[in-house]
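Colleague: Single-letter residue listing:
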Amino acid sequence: MSALLRARRGAVVVFGLAALTPLVVRDAYFLDSLVLILLWGALSAAWNVAGGYAGQVSIGHASFFGIGAYSAALMVTRFGRGPWLGLLVGVVLSIGAGLIIGVLSNRLKGPYFALSTIAFSQVLLIGVSRWRGFTAGAEGIPVPFRPGFATLGLGHTGWVYMALSVALVCYAVEVYLERSRVGYQLAGVREDEDAAEALGIHTRKLKVGAVALSAALTSICGSLWAQYVGFVDPTYVFSVDLSVRFALNAIIGGMGTALGPFLGSILITSLETYLRATFSNWDARFAGIYLVIYGTALILVVRFVPEGLAGIAARIRMRKAHA
Amino acid sequence: MDPARRLGPAQIDVLAQLAVATVLLGGIYALISVGLTLIFGIMRVVNFAHGEFLMLGMYLAFWAFVVFTADPYFVVFVAIPLFFVVGLVVYGLVMRGVIHASHNVQIFTTVGLSTVLQNVALVAWSGDFRFVRPWHLSTVLRAGSTIFNLTQVVASLIAVALTLALVAFMKWTHAGRVMRATAQDREAATLMGIDTDRVYRLTFAIGIAAVGAAGVLVAPLYSVYPTAGLQFVLLSYVVVVLGGLGDMLGAMIGSLIVAAVEVAGSYFFGVAWKEIFYFILFILVLVFRPAGLFGQRGAETLGV
Amino acid sequence: MPRFVVTLVVAALTVVLGGELATVGGQATSGEYRIGVLEPITGPLAFEGKRHMEGLEIVRDLINERGGVMGKKLVFSVADATDPTVAASEANRLITREGVKIITGTFSSRLCGAASEVAARHDVIYWESSCVDPRFNKRGLKHVYRTEIDATGFGWYNIEFIAKHLAPRLNLKPNQIKIAFLSEDSSYGQGVTESARQRAKAEFGMQEVMLEYYNWQTLNDMTPTILKMKQLNPDVVHHISFSNDGVLFWRQSKEQNFLFKALVHAGATGYGGSDFGKALGNDANGVFALLEPGPGFRLEALRPEGQQIEKAFRDAVQKKTGTYPFGAHQLAGSGLWLLKLVLDRAQSDDPEKFRAAVMSLDLPVGSMINGWGVKFSELGQNANDRVQHYMLQWQNGQLVTVWPEEFTTLRAKWIPLGAWDQRK
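Protein chains in written order, with this note's numbering: chain A, 1 to 323; chain B, 1001 to 1304; chain C, 2001 to 2424.
These are calculated hints, taken from the structure and not from any lab test. In this text, a Cβ means the ideal position worked out from N, Cα and C, and glycines have one as well. Incorrect hints may appear among the rest.
What the hints assert, rightly or not - Quick partial rundown of chain B residues pointing at chain C, CB under 8 Å, derived from the structure: (1) Phe1131; (2) Ser1145; (3) Val1271.
Said to hold, decoys possible - In silico lysine to aspartate or glutamate, EDC-like type, Cα no more than 20 Å apart, as pairs: (4) C:Lys2230 - C:Glu2212; (5) A:Lys109 - B:Asp1185; (6) C:Lys2320 - B:Asp1128; (7) C:Lys2138 - C:Glu2194; (8) C:Lys2278 - B:Asp1185; (9) C:Lys2278 - B:Asp1071.
Using the sequences provided together with the hints, build the complete structure.
Modeller: As structure tokens, then:
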């Protein structure tokens, strides 16, 4: 156990700090930022399962996020049941959708796969916007706040631990993929599919499985998000922006590393929040500057640190080991 | 009864007008997609900032019109060299560093570029909707009972001209042949002593010049605002993929197909559903004919 | 795990903590009273957010010239709300970092839902001036108020105008009117269109010949829809448009020589924005848009206190922007002015005292900016018949007030619209 903890020192620090924060800090905005950091981190970790470990880079993961968000919101508002049941339904539907995307991934590679996932999320966006009778269309669904664990009506502290739990689940899945046989096989598929196939690995099944697992995790986060923010509307939950955000944290933090997505989320979410607050308070006309900085930072990080924050860390560790 | 499903003598006129609408809308899509066909087809770079260069072209038309009362048809001649230079600069600053990187790195680089350009426009010119209204804006031509909007006709003609010019360029000039060779097999081209970096720089600059010119020409038809390019990005990819990678004439036919799906979908099923048809078509083509409707050599470098 | 990463994490957290904690206690400055303002300042709604901000700033200055609120100078903490997550997060920031007890905003229905939920959980007053989702104040949140009518109100007014004003001038009975509904598919468009459809059918028996929704951001060609409409031959087109879609529909209708008798829109976007006139010049003539008052509005029709503030507001907007106020200015501005009236009465931002003051306000139509009156329901909604709305019409490059006739010196023209080249 202690060996595992030592090997995962970074994770212990990150998640440990997150767990301790609500005990010390009572400030709602700080806790809210922490929930978002953990939730976006978990979503990026979920994306990482397909994008990082299996090499299936999707820009349509908002599909699963939206399915999760709508399942939970509709279960509460249309059927009068708890959001937990909605979360489960969302997982089932997302696995179904994940299988479709997974099958696409068997036929398409690189940018083609990425483009097809965007198209998939757009089809869902239009479908949900048009099916007014059931989904309330573009008007969206306000999710009622009912205090209690069964209804996911938690306070800020409660939400920190809820987001932390789902973050740990996603992290655990990633660690499993790093250490297990399946994980090694996936790495084989990612690096050289033909060679992996020749070694008798069922590459197709593995890829489809990874995408479906990633979809299920994304959907869980989507359901939780719907209850947390309290308003679900199709143009947001199925947006390309959101899909990009999931991928972005993982890429900046380090694709195919377990802690990377969380590091990326910490950096990006804080940077974004901080810049936004600073600039909009300064002068509304210049509010766009924060996005200019944000975009520039993105270009620079991707250009000069393509292996991500976790990669830098590894490089430094290597250098130290040699010294 | 739904008039869309009723057939009578009046329907012939309607069908003719729908056909005209398809051709004219297809012309606009072709115009916007020409540059992307080059950049995606030859460089294999998914450029998410494509729409933002279109937006910049639209702003150029707007400011030229406001400040110098310059007609977009004149401004377009300024736009081509100007955006060629913009392309060179952006290539040098942003794209060159990631041209040999993975697709993911490229995708997210251009996402960053798109965010930057959108918000530079927002800060510089505010989020207001702007309009370019040259005197010929609402001029229409008539042929029998069908009606042609002049601006759209010109846009379509220029799209055709630009496409033909690029086809000729690719076919008969040395630079064009080098570009095609690079597209088909980057490694082999390098082995043959081709400076791929120069090829990519040229490709990118021509692509940006084309989309900048397209922005100037469509500015009178649509409103000009910082996120004006967004709606055309995905659509351009549908066009380019349908047409086949880097296939100029294919992209032109792809534009017509997308326009036909959109026009027919809007008329027969309702405008609410129009995009769903071409996105589904897009997915189907990706799955069943990933090299485009007409096939294309070199697509295998993408592993399809 | 490496020290570097830990350092980085700590550094990032420090930035957030340090930067944000430093601004705590914004409310403490004496002599100033701070409220939170949430508007979409970036992103696709930025153009509207900007006008709302202008309206708010103009009225803030008017308020401060008149002694501020509760004896203090009114100041803003502005936050950029682009999507529901950000709206909620920024509402949290305004409340906990800036210490505001009142938040106003937000233009869009997807933003006000999320932001007001946060406010409610902190017992902070949420003062909405523009989002029109009918469900907004039916969620049992006690300190959520809306000064503007909801989408149902817009639909109600539009059909009122068509049935009572247009129908007689078209020599048609309301139940003879063939009406086509066309709308952009945002929550605003859907809300207004659905309530208009319902009233048109249930109360007046109008004949609905078409219903179409579309996404304004991806709309590149209206010709197919226009060709379809031409065959359906509606008398009235009820079209809620957002931006370029209005221009596109009008321009292509002219190209296709699509003739109908009237077009009615509601709201400050699309046909209701100055952009429509800029894009089409005199070709815009004849379009109706339900809005706040425009040129032609008779100040004398208002009560004395209403005349005074309406004139001051109009002059201030003219001075700052060089134009007559736009709908977005008027909505945000009148919302803020109404907030001042409530605070004057409550002399407190305690939610219960504030609520008591809101409920006790009872001002007839004509008492404030836009000629509005005030009477809030228990749900926190200002009454339809107090929030007087006006039908404006594009006449030679200007959107002028034409209805109800007692409020205006100008009259509606081109009923029916007639040939495209005859509307001069």
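Colleague: Look at each hint and say if it fits the structure.
Modeller: Hint-by-hint comparison with the structure:
The beta carbon of Phe1131 (chain B) is positioned within 8 Å of a beta carbon in chain C (closest approach about 4 Å), and the interface hint is therefore held. Annotation: Ser1145 (chain B) was flagged as interfacial toward chain C, and the flag is violated, the nearest CB pair being 10 Å apart, outside 8 Å. The interface hint given for Val1271 (chain B) is met, as the beta carbon of that residue sits about 4 Å from the closest beta carbon of chain C, less than 8 Å. Annotation: proposed proximity of Lys2230 (chain C) to Glu2212 (chain C) holds, straight-line Cα distance about 14 Å (limit 20 Å).
Pair hint Lys109 (chain A) plus Asp1185 (chain B) holds up; C-alpha atoms about 17 Å apart against a cutoff of 20 Å. A distance of roughly 16 Å separates the Cα atoms of Lys2320 (chain C) and Asp1128 (chain B); the hinted pair therefore holds under the 20 Å criterion. Simply put, Lys2138 (chain C) and Glu2194 (chain C) have alpha-carbon atoms about 18 Å apart, close enough for the 20 Å limit, and the pair holds. Distance restraint check for Lys2278 (chain C) and Asp1185 (chain B): the Cα-Cα separation of roughly 51 Å exceeds the 20 Å cut-off, and the hinted pair is therefore not satisfied.
This hinted pair checks out: Lys2278 (chain C) and Asp1071 (chain B) have alpha carbons roughly 17 Å apart, not beyond 20 Å.
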